[in-house]
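Each chain, written out:
Number of protein chains: 2
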Amino acid sequence: MSQDQAASVVRITDVAALAGVSIGTASKALNDTGQLRDETRARVREAAQKLGFVMDARGRALSSGRSYTVGMITTDSFGRFTIPVMLGAEDVLSAGQLAVLMCDTRDDSVREQHYIRSLTSRRVDGIIVTGRSSDPRPPIDVAIPVVYAFTPSTDPSDVSISLDDARGAEILADHLLSLGRSKVAYVSGPRRHAAASSRASAAAAHLGAALEGDPLYGDWSEQWGRQSVDLLLRRSPDLDAIACGSDQIARGVCDRLRELGKSVPGDIAVTGFDDWNVMALASRPPLTTVNLRLEELGRLAGQALLELIASGRPASLAIEPTLVIRASTIGS
Amino acid sequence: MSQDQAASVVRITDVAALAGVSIGTASKALNDTGQLRDETRARVREAAQKLGFVMDARGRALSSGRSYTVGMITTDSFGRFTIPVMLGAEDVLSAGQLAVLMCDTRDDSVREQHYIRSLTSRRVDGIIVTGRSSDPRPPIDVAIPVVYAFTPSTDPSDVSISLDDARGAEILADHLLSLGRSKVAYVSGPRRHAAASSRASAAAAHLGAALEGDPLYGDWSEQWGRQSVDLLLRRSPDLDAIACGSDQIARGVCDRLRELGKSVPGDIAVTGFDDWNVMALASRPPLTTVNLRLEELGRLAGQALLELIASGRPASLAIEPTLVIRASTIGS
Chain A
23 MSQDQAASVV RITDVAALAG VSIGTASKAL NDTGQLRDET RARVREAAQK LGFVMDARGR
83 ALSSGRSYTV GMITTDSFGR FTIPVMLGAE DVLSAGQLAV LMCDTRDDSV REQHYIRSLT
143 SRRVDGIIVT GRSSDPRPPI DVAIPVVYAF TPSTDPSDVS ISLDDARGAE ILADHLLSLG
203 RSKVAYVSGP RRHAAASSRA SAAAAHLGAA LEGDPLYGDW SEQWGRQSVD LLLRRSPDLD
263 AIACGSDQIA RGVCDRLREL GKSVPGDIAV TGFDDWNVMA LASRPPLTTV NLRLEELGRL
323 AGQALLELIA SGRPASLAIE PTLVIRASTI GS
Chain B
23 MSQDQAASVV RITDVAALAG VSIGTASKAL NDTGQLRDET RARVREAAQK LGFVMDARGR
83 ALSSGRSYTV GMITTDSFGR FTIPVMLGAE DVLSAGQLAV LMCDTRDDSV REQHYIRSLT
143 SRRVDGIIVT GRSSDPRPPI DVAIPVVYAF TPSTDPSDVS ISLDDARGAE ILADHLLSLG
203 RSKVAYVSGP RRHAAASSRA SAAAAHLGAA LEGDPLYGDW SEQWGRQSVD LLLRRSPDLD
263 AIACGSDQIA RGVCDRLREL GKSVPGDIAV TGFDDWNVMA LASRPPLTTV NLRLEELGRL
323 AGQALLELIA SGRPASLAIE PTLVIRASTI GS
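Line by line, the protein sequences give chains A and B.
By my numbering, the letter at position 292 of the first sequence is numbered 314, and the numbering carries on one by one without gaps.
By my numbering, the letter at position 21 of the second sequence is numbered 43, and the numbering carries on one by one without gaps.
Isolated chain A, as found in the complex:
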């Protein structure tokens, strides 16, 4: 780039001159508005293409009263859960010609307020709020359309596209039961996290008599997965399955079982949760788990926002994860 190049930007007057029409006609032709003959419209477009003319989206924005821009606020520094949500949303919004402004609050309420002011002053058409946690959060206070993605709003009148955690746990419990496993332990993350407790409760309720002992709560870590195996086998030496609240925990469980000479899934079947490739595929054996469909969640959030912007009334949704079967439950 150079200042010279920047100065040589093609203007609509250049296009009008080359096409031999007035500026008003050129503008109508390029904006696809007004009454024009097809051949005039075609001549203007050809001239625009020849000159490399680019429409100024800001002009369109001011004349339509819209900025064709939306904000995406995350508390997650665009981490593992937010990224796919963001990509899905961006895909839908960008196909609708809306650009997405990134706002990373780093879980800091002062930064969040800064971004909300900045987005408001830029007159964005709407905002998607997302985060690392599936625990509900208080809504943001703005007078424009807002959709909550992954992290739902505590206000039931808001539009939230969230994940049906409990259903994911049920799907995995069903899978273990269908394989004839009848002594299933459950190991999850911190009890204070909605994702840990809702998965554990749903699995426990679904497993019924096949549940061995109360679910164990710990960290979202491989280390906790390894430690939990020793606790579980002391409590119930004849376990035939361990369902885990995350792939990280499940990977630790598989590692520790192998070290103890237990075969997975021959002796004990293991399930994860998340379908995080780095864990689920690197695990030995690879993990049966549920895929959270976060990119689909992001797409639905983007669609809901487009609908809200168009004054529609989209409904809140909880997306069902899908079962992914690998060697940790069905050996080769």
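Incorrect hints may have been included.
Pairs involving identical chains hold if they fit within one copy or between any two copies, as the list cannot separate such chains.
Quick list of in silico lysine to any residue cross-link-like pairs, SDA-like style, CA-CA up to 20 Å [claimed, not checked]: (1) Lys50 to Phe75; (2) Lys72 to Ile138; (3) Lys205 to Gly288; (4) Lys205 to Ala226; (5) Lys72 to Ser140; (6) Lys50 to Asp196; (7) Lys72 to Val164; (8) Lys284 to Arg33; (9) Lys284 to Pro336; (10) Lys284 to Arg348; (11) Lys72 to Ser143; (12) Lys50 to Arg33; (13) Lys205 to Ile352; (14) Lys205 to Arg257; (15) Lys72 to Pro178; (16) Lys205 to Tyr239; (17) Lys50 to Lys72.
Derived by calculation from the structure, the hints in this document are not laboratory data.
Fit chain B to the given chain A structure using the hints.
Leaving out everything else, chain B in the frame of chain A:
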């Protein structure tokens, strides 16, 4: 949000009326321009605050000829390498009141062209181009300031903020030599990747006589790390260190050595590359590695872009990774 709320937006005329000044005076006070008495400026600001008035950034943008917006184009779907770069850049740009538009090309040149047109039509002040690979890429063709981050431009006259891969490999080689290791093998990713070959060559040159055999090339995976151990020990049973091109490879190396009854670092020291927490900390033992300082790289890219936008002439830079020592080289 509702249409009613949107309609009740406070206008500068309301602020001027409350402060008892003309619209021109109110505008000067709020934009911090023109000659005004301090007390007038204060009165206008107080009125604006009382009414909850928000400046329209689009007005500022049109009057200044700038959009106060930059684009960030990535080929990486905002993956592991791009995210920290993006966060660092966003931090600097947002402190400078610039908003960042996300553009995820998914490594698709048609999508890239779409985004470049979209950013041009939005009259962004500049663009940061980044990606998953440290291999140089052809420059994008736009007449505005561009900075390349992590993935450098093939055009040496462009501003690229990249990573000094070779220096990272030298730092790790020095560390192993300083510990008295004298039979060091090198295991890296695919030879066609600049990151794999530049790290391997730099390590080999630096290790000199302490290098055991030629560097091995494979995948960026734990599985390749595990496989490589068998190859290396067959070739050189008395190895005392294995330096790896990534943390993933190094984690696999540690796992396989443990399975073979070799102590890390007692028998064999192991080093990674990347400081990717998910791998480096979960590895048993945790990995000595180099931290790529990607967030700092992003910040420097953001600063370089601000400088270019202000018509400065920032220089290209290659950032040096820093050594992170953990138990895989210095046992407890």
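Hint check results:
no.: 1; hint: Lys50 to Phe75; result: within (15 Å within a copy, 35 Å between copies)
no.: 2; hint: Lys72 to Ile138; result: between (41 Å within a copy, 18 Å between copies)
no.: 3; hint: Lys205 to Gly288; result: within (14 Å within a copy, 41 Å between copies)
no.: 4; hint: Lys205 to Ala226; result: within (12 Å within a copy, 53 Å between copies)
no.: 5; hint: Lys72 to Ser140; result: between (38 Å within a copy, 18 Å between copies)
no.: 6; hint: Lys50 to Asp196; result: neither (60 Å within a copy, 67 Å between copies)
no.: 7; hint: Lys72 to Val164; result: between (44 Å within a copy, 17 Å between copies)
no.: 8; hint: Lys284 to Arg33; result: neither (73 Å within a copy, 71 Å between copies)
no.: 9; hint: Lys284 to Pro336; result: neither (50 Å within a copy, 59 Å between copies)
no.: 10; hint: Lys284 to Arg348; result: within (18 Å within a copy, 30 Å between copies)
no.: 11; hint: Lys72 to Ser143; result: between (36 Å within a copy, 17 Å between copies)
no.: 12; hint: Lys50 to Arg33; result: within (15 Å within a copy, 30 Å between copies)
no.: 13; hint: Lys205 to Ile352; result: within (17 Å within a copy, 42 Å between copies)
no.: 14; hint: Lys205 to Arg257; result: within (12 Å within a copy, 47 Å between copies)
no.: 15; hint: Lys72 to Pro178; result: neither (53 Å within a copy, 30 Å between copies)
no.: 16; hint: Lys205 to Tyr239; result: within (18 Å within a copy, 45 Å between copies)
no.: 17; hint: Lys50 to Lys72; result: within (18 Å within a copy, 42 Å between copies)
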